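Protein chains: 6
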Amino acid sequence: MRQIDALKSPRFSQISTFARLPRCSDPSEGAVFVGVPFDDATTYRPGARFGPLGIRDGSRLLRPYNPFLEVYPFDELNACDGGDVDTVPGYTEDTLRATETLMDQVFRVTIPFVAGGDHSITLALLRSAHRAHGRVNLIHFDSHYDFWDSHWGKKYTHGTWLKRAIEEGLVGKVVQVGIRGSVYSHQDKDDGASLGITSLDVRKVKYQYQSVVETLNSLQGKVYISFDIDSVDPAFAPGTGTPEVGGMTSFEALEIIRSLKLDLIGFDVVEVAPPYDVSELTSMLAANLIYEAMSVVAKRRRR
Amino acid sequence: MRQIDALKSPRFSQISTFARLPRCSDPSEGAVFVGVPFDDATTYRPGARFGPLGIRDGSRLLRPYNPFLEVYPFDELNACDGGDVDTVPGYTEDTLRATETLMDQVFRVTIPFVAGGDHSITLALLRSAHRAHGRVNLIHFDSHYDFWDSHWGKKYTHGTWLKRAIEEGLVGKVVQVGIRGSVYSHQDKDDGASLGITSLDVRKVKYQYQSVVETLNSLQGKVYISFDIDSVDPAFAPGTGTPEVGGMTSFEALEIIRSLKLDLIGFDVVEVAPPYDVSELTSMLAANLIYEAMSVVAKRRRR
Amino acid sequence: MRQIDALKSPRFSQISTFARLPRCSDPSEGAVFVGVPFDDATTYRPGARFGPLGIRDGSRLLRPYNPFLEVYPFDELNACDGGDVDTVPGYTEDTLRATETLMDQVFRVTIPFVAGGDHSITLALLRSAHRAHGRVNLIHFDSHYDFWDSHWGKKYTHGTWLKRAIEEGLVGKVVQVGIRGSVYSHQDKDDGASLGITSLDVRKVKYQYQSVVETLNSLQGKVYISFDIDSVDPAFAPGTGTPEVGGMTSFEALEIIRSLKLDLIGFDVVEVAPPYDVSELTSMLAANLIYEAMSVVAKRRRR
Amino acid sequence: MRQIDALKSPRFSQISTFARLPRCSDPSEGAVFVGVPFDDATTYRPGARFGPLGIRDGSRLLRPYNPFLEVYPFDELNACDGGDVDTVPGYTEDTLRATETLMDQVFRVTIPFVAGGDHSITLALLRSAHRAHGRVNLIHFDSHYDFWDSHWGKKYTHGTWLKRAIEEGLVGKVVQVGIRGSVYSHQDKDDGASLGITSLDVRKVKYQYQSVVETLNSLQGKVYISFDIDSVDPAFAPGTGTPEVGGMTSFEALEIIRSLKLDLIGFDVVEVAPPYDVSELTSMLAANLIYEAMSVVAKRRRR
Amino acid sequence: MRQIDALKSPRFSQISTFARLPRCSDPSEGAVFVGVPFDDATTYRPGARFGPLGIRDGSRLLRPYNPFLEVYPFDELNACDGGDVDTVPGYTEDTLRATETLMDQVFRVTIPFVAGGDHSITLALLRSAHRAHGRVNLIHFDSHYDFWDSHWGKKYTHGTWLKRAIEEGLVGKVVQVGIRGSVYSHQDKDDGASLGITSLDVRKVKYQYQSVVETLNSLQGKVYISFDIDSVDPAFAPGTGTPEVGGMTSFEALEIIRSLKLDLIGFDVVEVAPPYDVSELTSMLAANLIYEAMSVVAKRRRR
Amino acid sequence: MRQIDALKSPRFSQISTFARLPRCSDPSEGAVFVGVPFDDATTYRPGARFGPLGIRDGSRLLRPYNPFLEVYPFDELNACDGGDVDTVPGYTEDTLRATETLMDQVFRVTIPFVAGGDHSITLALLRSAHRAHGRVNLIHFDSHYDFWDSHWGKKYTHGTWLKRAIEEGLVGKVVQVGIRGSVYSHQDKDDGASLGITSLDVRKVKYQYQSVVETLNSLQGKVYISFDIDSVDPAFAPGTGTPEVGGMTSFEALEIIRSLKLDLIGFDVVEVAPPYDVSELTSMLAANLIYEAMSVVAKRRRR
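Chains as they are written, first to last, in our numbering: chain B, 22 to 324; chain Y, 22 to 324; chain W, 22 to 324; chain V, 22 to 324; chain P, 22 to 324; chain A, 22 to 324.
Hints listed in this document are in silico derivations from the structure and should not be mistaken for laboratory results.
Treat each hint with caution, since some may be false.
Heads up, the list lumps identical chains together, so a pair's fine if it works in one copy or across two of them.
Claimed, not checked - Here are the simulated EDC-like cross-link-like pairs (lysine to aspartate or glutamate), alpha carbons at most 20 Å apart as the crow flies: (1) 175 <-> 115; (2) 176 <-> 114; (3) 225 <-> 107; (4) 29 <-> 189; (5) 175 <-> 114.
Please read all numbers here as calculations on a predicted model, not as lab measurements.
Just chain B, same shape as in the assembly:
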């Protein structure tokens, strides 16, 4: 058993690592949890720099066996906690570079499960994924499009990373899930289409759930998933920076992840902002999303 045994050492004790897993001595030893604590590319509420800490604390109740997917993800993947990237507060581009430096190593040898941090960091993750795997398909859970060209004249923010990723040729097909809320212009939808993005808004999830799952599972080849926690309704995930009411329930979010049968090469959950969280709701949900994603990989591997 990889985790500290909760039947010997209670779950509220011992130094916080993700799911009470061992600290990785070497990323190649197994699937690795990595934190990227950064929030200076945030346009509204900050706090996501405390995301990795919050998610570690929120992961203390995770147990070895996933009964819905019938798999032991931590054992199967030899999972461990790789610590955090040394980010550079206030300097997005430096932080992206620092993230790439570490993640280049990780992607070469294993599958990372990353806790942000704001969504800007996904650009660094996709750059590293691209160097290791070439162009990958992207599933992007979010309430926002995130493909604006710039904010305040700046190219690297949590609302522009997807535009950059496409411009840099990092991704193949892109499917967005959970989109909702007011936007800047009617051109946003057209921009998405012209960028080749498939956007499945929250009504699709609510009214055509099976079709959403099928669209996702139809993706061929290697897939990266970036999960912005604000795709979930803020009642279930209040601890986030740019919440949009009227979103998915946590059950819907977990069920979609559980339903995936894909060749997953990386997963991130971003925009968890613990200063705005209540009773660790958001951190616990983020930890469980990572757990389900690990289970999806573990299940596929076992076969």
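With chain B's structure known, arrange chains Y, W, V, P and A on it following the hints.
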């Protein structure tokens, strides 16, 4: 563009007006947001006097374009923030008069979108609406009937305004949506029927959603909507005074508003009590409900 | 009318008893609310020792008539507040004994509606129920199985009470509702089956709701219900000790209780931990669950 | 022993009465705790209507013996909890009348220790005190003068009660302690002087503590104390409606009360607003202030 | 009267400006409140970007007359709210430039009272002050030295602004007040001395208060004050980014400001982080510090 | 440098150890931080089981050099984080045994700095200290006496550990600091005297500070310090289980520790209950108290 441009001045900056719209110099210039900060007719938790402030803060993320209704509500309606009524704390009837004085002017020239305040203020709003438009039909979202005759021997409270409105002949057809929770007596239902009220309880919303929307859209002529935020489940709207568990989700609430095709002459959202809110969930939902209601009007106007 | 009249004495006033009912002078006078404030058998977050206080405060909005079930539960059952068991903090087995001493008296003369406390106390309640009624069927709402054999080498915790209850022959058929989340081992499911337990997980509730209700209503004879508030999603019930994301909504939970047509001889709601609650969401839900359970009994009795 | 024995029944258990004292069956049986839950005369943050509930909960840690004053206040005074006045939410003058009706009975037979409610209620208390005792001297702890003539054209608010009390001839000498913060006009000071009020501001408490105590103890004859919790710094008492930074510490407040050697005929603590409290700081302080005041009376009586 | 009249329009109503003052149409019209919402140069907890909003809300209780200093600051200074600088989130140097652009105008015509934002912004303020006034003396309230050379290799952070200000020749004498907490090295003290800084630590404030005031008042010529709210103990000012326990009380902080007799040409209060605030304690303190500073200027001007 | 370098890896990043020190591979390598997460001997609010986690998080701002004591405590002591004792939730005596087993090893080779957990754990710490060092003198910071004989008939609770320690002959002289609040009986004081305990109440700290420090520094020989965080006023330390208003400030507490010149062989800070904390005030204070205690040892060692 009417709002302060968020791509120049970040959303967390500048003096809080609704949706960062300009302060109205004259209510006739466009659809107007008005606050009625009052909570002394509240029977349980107070705090709704801070509703207008909370909703202004919670509206900072609203952007120009509504992609579900495909309309630019603020531009279409030339929307602005009209400030607050000068209420008289501790004196319900004086506050009603003060509200009527201001709202008489507003209803004559435009459509108000009002942020309460407790539900007692809707009586003043309906009086002004009646003076401007004659008898209007009323859609009333709530978990409570609000047609009790009195509380503690008093006629003007947040639980009696609807009885008064009917007695005063202000409203035509009345349809209630979201009703639930324990009540004082089995006669409450009968009382509603004898007052000519159609009450659609929360089960109707959950199990017969389409029928609810159709009932609402069958209303002919001018319609006023009063939205008590406690019609939504307190998980989505904890910041309110008399919460009832087991309610609508925020998605359901927003979808119903989005589905309306009516001649809307006024809208209020009441009972938002920021001292009980968490992470601005309730304020943000209230702001979005106003946004959707503005969009409904804008869409109809454009055609 | 049994409750303090809210139309004379406002709901925020007077000493807190459950639903503002009278303090029982004698448990035999009617259905009795009893608190068991204890949380030392908790494996993660404590705080359930404040459950009875929280639920009393959260019950202040309950009114006499249940319009969904068309019954006056407090009048029908002559309900009253029996105060709390004198628990022994830090000593689970002493607390179980103290609970049994009081509850033996209660079960002999009436139906108790108990507010925990952590789930360990249900063992004491079932022992008393067994002495009064013989073996009863058990409906167990929870996100966890609770039939582990021991924690930290200890037999009496909030995760082992069901195993003890079965070993001691206290219960007949056992049906679990709402199960989800990661577990220690794949044997947990098998263990449940070999113990004769029917486990209906949260997917059953979400996707086969009618079938869940039918399974429950098929139980013959006397039935005891133990409702762990963590069976509800933490967005609706954040104030609990071992939350699991992705659960039932409060509407679903209330609807299941409302749908029951059973010979109910006792009901408990456990694991309400007010220090983790927000805006009394969890306490209010717990109070309403008790109200619905009282209504189920009242309705059956009236026929 | 009058309180529920905490060594048998833990302090977190049983129905909340003040200090876990018995419910009074008759106010003449001893010194009585009474709540006046009302906040509609509040000019800023509401919430004091939950003051009595909060203070009861915050009083659970009070134990029988006061080691600083060397007295058993509850035993000496035969103290009990008299419940709350049936206030009339939204109607200040009705509430004053209801308060007087109950308090007239209480003042005739014993010494009341009252938990507000906002400060408007002190007018009713002083009216009743006057009917029972004639004109009494008043010690008034506050950060505000409270002798404005009106607010919004209204005579009865939490900022005007002292002006009314003086106009009605209810009080003799008036000494204010803890005054600070910005005011409406330089005439406020002059108004106080012309009303015969001695105002000791917070600097006096900080720099001339002994002189403050001596001024208070020089009051002859019967004395009533009204303690607005906002006289204490909001770091120690955040749960209040119109906080002023830069105030007394809780130690200073408690020490002043402990130092009093006066013929105290009544005591109130007002403006405790639990919705703004954190970790029960304010409620606990209010409960301890009442405890010290009871001890002052008990000590004098014993001699 | 410059403020909205609270005796006509309650303090909880109307759009939030500082102290409910009018929005400046032109900075030259009087002393101006300006917000600089920025927190990307923060090394620990973010949130100061919401400082200006929080301080506006926390200033609603400020009234016209300061009885300690016997002056009407708003009238005397013709004060108004100048809105916020358009900062560039995530880009410190751009934000400094934007701040200078606006503040250059302000310093030329009036005295600014600035609400941060993190402490990095003071560099921009001092640059503008220098352009308008030449080298000014600096009083720096803080628990930290803030003269480190760099963080993470970066020159512009909230811990290095003072080093930059000295390097750029912006300031004359520098006196620090309230310093405490652990530091990186024993050389920090020496560095301060070699930079010509006088550091008065918190013990000086506690044990030699008069001497601290005299040292400050001995400063000749023009003086700028930068007040980091973390100089105050976090019990009084929890809403801040890098709190240090064991600090000044709010009374001590206010008294020092009130005691100043200096030619003040600008004032800022920085590091107010509302997401970490409780019950607006920190925002209210910051608003009052600005009020006292305005009063100091007003009093001097009147003579 | 022992800590993770905050100028390379920001303070909000990386896995939480005390002060970001390395995890001890062997307790003999230096002074060791150890957590004892346990709260089942608590008589009121639980939550201290999360004390070690909270204090680790609250220690992230600690830096290498203590400028008041002019020492580098972590370097001097070669400090590290030893993780937590494997406590047994719900079983006090088992937990004491588990604590002794680990602490026996620690006391033999180094000085432990322990984070509770409730105060019951100090009995285990003193037993281990006694085995390693013989009878030691005890400085006991607290608002409560903690030498009651039993609670609910039980010998091992957080209010009886000191009686046990004296009975077992573990301690020599005992000096208590900060005592206040109501107690069960006037005999408590006499009991203390007859047990040979010197109790310095909070008035002594406030009015005779120097005398308190001298009394403590007059202790000869080896000294153990147990610091109950509730000795500090709850405004500075709200996150605790049995708060008593009117206590020491954090400045006073830190100053007393800084003033000690003693042969310290162990230190604990107990009763930190994060669920009741706000903005980490209590955790940060506890971390700083440990830091000052480490500095006291380091300073003595250096000489």
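Okay, the hints, checked on the actual structure:
Proximity of residue 175 to residue 115 under the C-alpha cut-off of 20 Å is found in both arrangements, the shortest distances being 14 Å within a copy and 10 Å between copies. In this assembly of identical chains, residue 176 and residue 114 lie within 20 Å of each other by CA distance both inside one copy and across copies; the values are 10 Å within and 16 Å between. When the C-alpha separation of residue 225 and residue 107 is checked against a cutoff of 20 Å, the pair qualifies neither within a copy, at 39 Å, nor between copies, at 38 Å. Taking CA atoms no more than 20 Å apart as the test, residue 29 paired with residue 189 passes in neither setting, with 49 Å inside one copy and 26 Å between copies.
Taking identical chains as interchangeable, the C-alpha atoms of residue 175 and residue 114 lie at most 20 Å apart whether they share a chain (11 Å) or sit on different chains (13 Å).
Checked against the numbered hints listed earlier, the structure breaks hints 3 and 4; every other hint is satisfied.
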